[in-house]
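From first to last, the protein sequence lines are chains C and H. If you read the first sequence in my numbering, its first letter stands for residue 1, the second for the next number, and so on. If you read the second sequence in my numbering, its first letter stands for residue 1001, the second for the next number, and so on.
Please keep in mind that the hints were generated in silico from the structure rather than gathered at the bench. Please note that the accuracy of each hint is not assured.
Claimed, not checked - DEER-style ranges, computed between Cβ atoms:
no., chain 1, residue 1, chain 2, residue 2, range
1, H, E1066, C, M149, 53 to 61 Å
2, C, M149, H, E1406, 52 to 60 Å
3, H, A1186, C, D66, 39 to 47 Å
Claimed, not checked - Here are the simulated EDC-like cross-link-like pairs (lysine to aspartate or glutamate), alpha carbons at most 16 Å apart as the crow flies:
no., chain 1, residue 1, chain 2, residue 2
4, H, K1164, C, E129
5, C, K100, H, D1490
6, C, K101, H, E1486
7, C, K100, H, E1487
8, C, K143, H, D1189
9, C, K145, H, D1490
10, H, K1164, H, D1128
11, C, K101, H, D1189
12, C, K101, H, E1487
13, C, K143, H, D1104
14, H, K1236, H, E1209
From the three backbone atoms N, C-alpha and C, an ideal C-beta is built for every residue, glycine too.
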Amino acid sequence: MEIKRKGDIETGKVEYTGMSLRHEHVANESLPKINIFFPEGCEDLAYQISYGIEEEGLPRCGFETDEPFSDALEDTVKKGLGVAIGVDGDKAQIFCVQFKKSEPFMSYELSGKEVVTDLANGGSNTDSERLRVVGKNAARILKHKPFIMEE
Amino acid sequence: MRQYIAGVDIGNATTETALGLIEEGQLIKCVSGINATTGIKGTNDNIKGIIKSLKDAAKKMEIEIEEIDLIRINEATPVIGDFAMETITETIITESTLIGHNPDTPGGLGLGIGETIKIEDLDKAEKDKAYIVVVPAEVDFIDAAKMINEALDNDIDIEGAILKKDDGVLVNNRINKVIPILDEVAAIDRVPIGMPCAVEVSQPGSCIEFLSNPYGIATVFGLTASETKQIVHIAKALIGNRSAVVIKTPEGEVKERRIPAGEIIIDSGKRKYTAPVDRGSREIMETVRKAKNIEDVTGTKGTNVGGMLEKVRKEMADLTEQDYNNVFIKDIMAVDTIVPKEVRGNLANEFAMEKAVGIAAMVKTEKLHMQRLADAVSAELGVKVEIGGVEGSMAVRGALTTPGTEKPLLVVDIGAGSTDACLLDRENKSRPVHLAGAGNMVTMLINAELGLDDFKLAEEIKKYPLAKVESLYHIRHEDGTAQFFEEAIDSKMFARTVVLKPTGWKPVRTKQNLEKIRAVRREAKEKVLITNIIRALEKVSRTGNITEFEHVVLVGGSSLDFELGNMVTDALTYYGIISGKANVRETEGPRNAVATGLLLSYLEEAGNGN
Chain C
1 MEIKRKGDIE
11 TGKVEYTGMS
21 LRHEHVANES
31 LPKINIFFPE
41 GCEDLAYQIS
51 YGIEEEGLPR
61 CGFETDEPFS
71 DALEDTVKKG
81 LGVAIGVDGD
91 KAQIFCVQFK
101 KSEPFMSYEL
111 SGKEVVTDLA
121 NGGSNTDSER
131 LRVVGKNAAR
141 ILKHKPFIME
151 E
Chain H
1001 MRQYIAGVDI
1011 GNATTETALG
1021 LIEEGQLIKC
1031 VSGINATTGI
1041 KGTNDNIKGI
1051 IKSLKDAAKK
1061 MEIEIEEIDL
1071 IRINEATPVI
1081 GDFAMETITE
1091 TIITESTLIG
1101 HNPDTPGGLG
1111 LGIGETIKIE
1121 DLDKAEKDKA
1131 YIVVVPAEVD
1141 FIDAAKMINE
1151 ALDNDIDIEG
1161 AILKKDDGVL
1171 VNNRINKVIP
1181 ILDEVAAIDR
1191 VPIGMPCAVE
1201 VSQPGSCIEF
1211 LSNPYGIATV
1221 FGLTASETKQ
1231 IVHIAKALIG
1241 NRSAVVIKTP
1251 EGEVKERRIP
1261 AGEIIIDSGK
1271 RKYTAPVDRG
1281 SREIMETVRK
1291 AKNIEDVTGT
1301 KGTNVGGMLE
1311 KVRKEMADLT
1321 EQDYNNVFIK
1331 DIMAVDTIVP
1341 KEVRGNLANE
1351 FAMEKAVGIA
1361 AMVKTEKLHM
1371 QRLADAVSAE
1381 LGVKVEIGGV
1391 EGSMAVRGAL
1401 TTPGTEKPLL
1411 VVDIGAGSTD
1421 ACLLDRENKS
1431 RPVHLAGAGN
1441 MVTMLINAEL
1451 GLDDFKLAEE
1461 IKKYPLAKVE
1471 SLYHIRHEDG
1481 TAQFFEEAID
1491 SKMFARTVVL
1501 KPTGWKPVRT
1511 KQNLEKIRAV
1521 RREAKEKVLI
1531 TNIIRALEKV
1541 SRTGNITEFE
1551 HVVLVGGSSL
1561 DFELGNMVTD
1571 ALTYYGIISG
1581 KANVRETEGP
1591 RNAVATGLLL
1601 SYLEEAGNGN
């Protein structure tokens, strides 16, 4: 399922598909994207990841599914850019078609704390910072840019 | 008569042995041994290394050490070198005035000019003014975008934004106007509010044009000619950036200060020559050339160069157990360089390229205590030990076993601290020269010019070739060839420039690309090592014309360097000189020259009836 939200919190504009509205290819559904797979209720996690990808300037899209990790792995081979992300409450994993194994290329443990998107009122949350890094690193595989490594 | 004679060369890094079987004055068989030098050269700590090196050779000869009849050790050249770097310019910002920084992903595009305003004060903004919004870390990008959009809807003219967090693209994608947005500004709270400000972000792949041009800044702020003169250093510090901010503060002042760097005083015996360090290397080297014979070198007291020269002197005095006042600096070498230095008073770790001079010094003393060492080895092994001869002339004798060489021959041994050369002419007379500036100085230049602040990494960059990790499964070498691997490459290396050490790769964490690192590395070697080889030739030449030489042979561990041999060959071919790495005894490469020379000189002396 592709997330399409009325763009209330995002932009105050119409449909949000996770992409910048100013880019012309916004409506181009066939454009390959980095796809994010998440189970029900983990939308906020997926959004944080998508922000990371967006900051790096790549197209992305979210899918709600019961099997985020196996779907992400399958996605890398089938469609998209060859890079996909699976996320649930416990972990986030980057899959990459170039990484010829059936395991994640990078795996991040999450603290499980609720992700606070409203940083102005709720303060920062380490998980949301990490999820941004997940998104950035996924994008960096395609951009050929050194990864952000956690110490 | 069967004799086993060993030549042992104790170098700064390795102790090398050439063990020969001699029958009736003829060398029947010769083997080599090698071990790391233990302790500082010339001290009794060396014995361990000497024994291990001898054992290594004896094993190959299939004898015991005790069967050796004579051990000859070299008269080590008592030379030590050191180096220092002296920055001669410095950019200081007395009031925060610029942010010239290169975040990975700035947002938006173009040039924006306006007054700085905190984002929470946007509701108080006036309609007829242009603004640059300053966003602290507490404000999330969604809120920031919302607030900017609201202000824009209220006809507030927003021309640009400065963010603390890495959110430039995210904000840009959510606002209704294209403005330049600079992010990752660490010291956002030091950005002055209510001041005229200019933000520039250029297209990916290009760099800013307006704010790196002094007249551009003058145009933005309406500066007078004298004010423009002041901000030229801001423009200089911003060259090559993709994004930048310049803020005009009333008292703001940026200046390039010339640091009093002191003078170098060269005593030639007849008269004293002085060279100011801040005039650069050319003047220093010209003075060195003028002085010809150097008796001693000192520096102005209380400056870096003065301290450095005294430090070299003291180290050598300690090492040789001589009086400090009897140690003299016999040569110096200066090299110009440009180093990235953090701008003092900056907001986001801006760097300015500052001029600097690297200086190497070389000290020579009477003698190291080699006789004492020889006696100690003799006592330890029960084998006769003698001092064979001076290192330089031994090296030439060893180097002459290289196929294709003949007298006159110049050998060059590039060590860590000094470059030692020795000429053997047709009459078998040798003329040694010792010059300041060698391997460590190259490392220092690489370290400084790349701004690494990591001497070990710089050393590795010097020694090994580079490659760029292009995917999870392949790298591209610096010569452009690609190499693929079965296993995925460690993600730490991904998209980075790596040093191909034989023991494993090491990523180089700088923003400079491979080509730049390679250029710096080669240039450093050229500036120090090639220059020194030519200086050595000039010094031993009687006519001062270096084309009179025919053979220049590189010996010693550092000539194992992967590119130096070819660089030297390339440079000296210009003068019609044949040069290259030695191949001692046709098997040893550039190693073992001195040890072999010690063995061969024994044969010569025995042949002469000594």
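Check: So which of the earlier hints does this model not fit?
Finding: Structure breaks hints 8, 10, 11.
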